[in-house]
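Colleague: With the sequences and hints as input, model every part of the structure.
2 protein chains.
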Amino acid sequence: MIYFDNAATGGFKAFSVQETVPTAIKHLCANPTRSSHRLASTGGEFVYKTRALVQKTFSAPSVDRVVFTKNCTEALCTAILGILKKGDHVITTCMEHNSVLRPLEHLKTQKGVEVDYIFPEKAAYFSQKPLITFERVKPLLKKNTRLVITNHASNVNGSMTDVREIGRALKAERPDVIYLVDGAQSGGHLPIDMQDFGIDVLCLACHKALGGIMGLGALLFSDSTEILPLTFGGTGSDSLSLSQPDYYPDRLESGTLNLPAIIGLYEGLMHTASNLDFIPTQLVKMTDALLGYLSKVSGVTVYSVPNPFGIVAFSLNGISSDECAHRLSDEFDIAVRGGLHCAPLMHKYLGTENKGLVRASLSTQNTFREITCFVRAIEQILSN
Amino acid sequence: MIYFDNAATGGFKAFSVQETVPTAIKHLCANPTRSSHRLASTGGEFVYKTRALVQKTFSAPSVDRVVFTKNCTEALCTAILGILKKGDHVITTCMEHNSVLRPLEHLKTQKGVEVDYIFPEKAAYFSQKPLITFERVKPLLKKNTRLVITNHASNVNGSMTDVREIGRALKAERPDVIYLVDGAQSGGHLPIDMQDFGIDVLCLACHKALGGIMGLGALLFSDSTEILPLTFGGTGSDSLSLSQPDYYPDRLESGTLNLPAIIGLYEGLMHTASNLDFIPTQLVKMTDALLGYLSKVSGVTVYSVPNPFGIVAFSLNGISSDECAHRLSDEFDIAVRGGLHCAPLMHKYLGTENKGLVRASLSTQNTFREITCFVRAIEQILSN
Chain U
0 MIYFDNAATG
10 GFKAFSVQET
20 VPTAIKHLCA
30 NPTRSSHRLA
40 STGGEFVYKT
50 RALVQKTFSA
60 PSVDRVVFTK
70 NCTEALCTAI
80 LGILKKGDHV
90 ITTCMEHNSV
100 LRPLEHLKTQ
110 KGVEVDYIFP
120 EKAAYFSQKP
130 LITFERVKPL
140 LKKNTRLVIT
150 NHASNVNGSM
160 TDVREIGRAL
170 KAERPDVIYL
180 VDGAQSGGHL
190 PIDMQDFGID
200 VLCLACHKAL
210 GGIMGLGALL
220 FSDSTEILPL
230 TFGGTGSDSL
240 SLSQPDYYPD
250 RLESGTLNLP
260 AIIGLYEGLM
270 HTASNLDFIP
280 TQLVKMTDAL
290 LGYLSKVSGV
300 TVYSVPNPFG
310 IVAFSLNGIS
320 SDECAHRLSD
330 EFDIAVRGGL
340 HCAPLMHKYL
350 GTENKGLVRA
360 SLSTQNTFRE
370 ITCFVRAIEQ
380 ILSN
Chain C
0 MIYFDNAATG
10 GFKAFSVQET
20 VPTAIKHLCA
30 NPTRSSHRLA
40 STGGEFVYKT
50 RALVQKTFSA
60 PSVDRVVFTK
70 NCTEALCTAI
80 LGILKKGDHV
90 ITTCMEHNSV
100 LRPLEHLKTQ
110 KGVEVDYIFP
120 EKAAYFSQKP
130 LITFERVKPL
140 LKKNTRLVIT
150 NHASNVNGSM
160 TDVREIGRAL
170 KAERPDVIYL
180 VDGAQSGGHL
190 PIDMQDFGID
200 VLCLACHKAL
210 GGIMGLGALL
220 FSDSTEILPL
230 TFGGTGSDSL
240 SLSQPDYYPD
250 RLESGTLNLP
260 AIIGLYEGLM
270 HTASNLDFIP
280 TQLVKMTDAL
290 LGYLSKVSGV
300 TVYSVPNPFG
310 IVAFSLNGIS
320 SDECAHRLSD
330 EFDIAVRGGL
340 HCAPLMHKYL
350 GTENKGLVRA
360 SLSTQNTFRE
370 ITCFVRAIEQ
380 ILSN
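Protein sequence lines correspond, in order, to chains U and C. Taking numbering that gives the first Met the number 0, the leading residue of the first sequence gets 0, the next gets one more, and so forth. Taking numbering that gives the first Met the number 0, the leading residue of the second sequence gets 0, the next gets one more, and so forth.
Note that these hints are calculated values from the structure, not bench results. Each hint can be trusted.
The list makes no distinction among identical chains, and a pair is therefore deemed to hold if it is satisfied within one copy or across any two copies.
Distance condition first, Cα-Cα at most 30 Å in a straight line; then the derived DSS-like pairs of lysine-lysine:
hint: 1; residue 1: 284; residue 2: 25
hint: 2; residue 1: 110; residue 2: 142
hint: 3; residue 1: 347; residue 2: 295
hint: 4; residue 1: 25; residue 2: 55
Modeller: Following this line, the structure appears as structure tokens:
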């Protein structure tokens, strides 16, 4: 199989991840941070080590404010629903995933939170300049603006937002506004320094470029950001109290943690971090090559520019994206994703909401040979 | 090591679980129910198969209303916070875990939900009859009672509630009231038939007696129970809509599922279900033996009766439960849990909130020889 669906879930897990997670499942079946015996303590140490590694990797302000969730969606929902209050105003963009759009729309209808979406003019897209900049954020800022949310990379086509430019400018202009970055598609692809970039809240999917397994997300936030919990329960702390602890990470981590996935993330991060100088350059080259080939195929329209996230989106004349994805799988054993990728406003912006887009998403484990095979498959689909 | 902490997390995973989860991590890295290629479809089939097996095992009313969560706490919070509305009344018990108590106290203070706790009289405990019965629920029923919550087994001492007696009587008396059972400690130990027992909502921890790995819980509910979501996001369905789908399981499952753990649950359930005739009898015998030995040791007070959940709680004269647990680990390499086990009201009821209890929790993988070693270790701790 040619696996070009790495933006959905990373298709390759490092050998250290493949080895360590099964060892944990076999030999470390103990509830970390609950019981105090040798095995549980060892589990607890792995949790702490991983939290500390995540904190260091992303220059998060403190280890305690690295919270493990079940996926990036839960991290985003915890932040959005746990920060915003009635009467607050939010600025976000057409590039966001439904895991940002749906909680915001919920707050809009249920709590009267105001939401402004940045929809750049159509021409901007073809200029190949960044679509979302502080220049577009600034005029929307209001007295009651509490949160600005942008993704770092569009999961639809890999469009990048310069989160450092926005974060720093926002900190200078309105230090009271919280800047939340959805790093689902960028974490593990590019270095992210929360403090240098002015990011207050960073949400991550651990099973994509970070190299971990499915079942884990992470929520990192600054010392000045307070997040109310969505769930309440056993934390192994203050057990006599019927109230949730008000300190982190306990406040936001109720119930048994996903120890195997946390251990997998540690190994995945160690592997990824050591390659981070190489990954962005390599993926820019690979997307550049794929885009170059595709743009020469008659009947293909590309919707991406070379990017360090490995994402290339395109459409075919007369063939829906879903049909193309099915045929790539059935006839060529190639894995891509068609449809809307849970990002409806981005497709509305691109004018592709009816047929969707084919998204090929590469990792550095893919090869240039696979890219040429893929382009040949597309040519064959168009010719039949 | 002697692992007597199975109520925290199951210490033994069946060979099929140990084999299958790593295979999934290595060869099935694809996002189930999202993309449509071969690998993602295979993942989706595993998810469906597991959902169907859970439905069948617990006679849940429908496959669609088997929802995967990250742990039992999330399942309980989703049900409690997603069912109760302002002005509702809830009846629950002193035996509950903080994952029931804390969301209820949150609703009490934030939404004016009324909560009544059943605290049986002290004498009842020593009668060895069931502590929580419909007779105790009935007088608390009010016009606005919407939910009755009981656990099936206390995680502190293994006290069993006859959920079938309560469920059936409640269905006869007040069919409008929803009956929620916390099956964290009973699922996989005893057969549970939701429809026969009159259970509307069942919450499960998949990494305990069900034989799966950490990182997964399950929420099963009846066709007449509506549960509002706690999180909103990508579901791979209705992607053009900015609202969460209103059908299940999509409504309650946002973001990437924990495929490795779901596959592990399938294998764990297959293993557990095939032993379900044998497990309860075996564990009653083992707890009976351990209780028999311990009750003869001077300085030990036991707080359990023989039970099919493998749980034996006790205290030692002059030694706190935490100290005992530490010494068991350090000096004898025996894993138990001391403290309050996140169930403060049960300790208040038992009068053990100051020193906690030592909880030994067995599985059928433990041996009678380990039990005698354990008792000798307790004797030595008491003698030094």
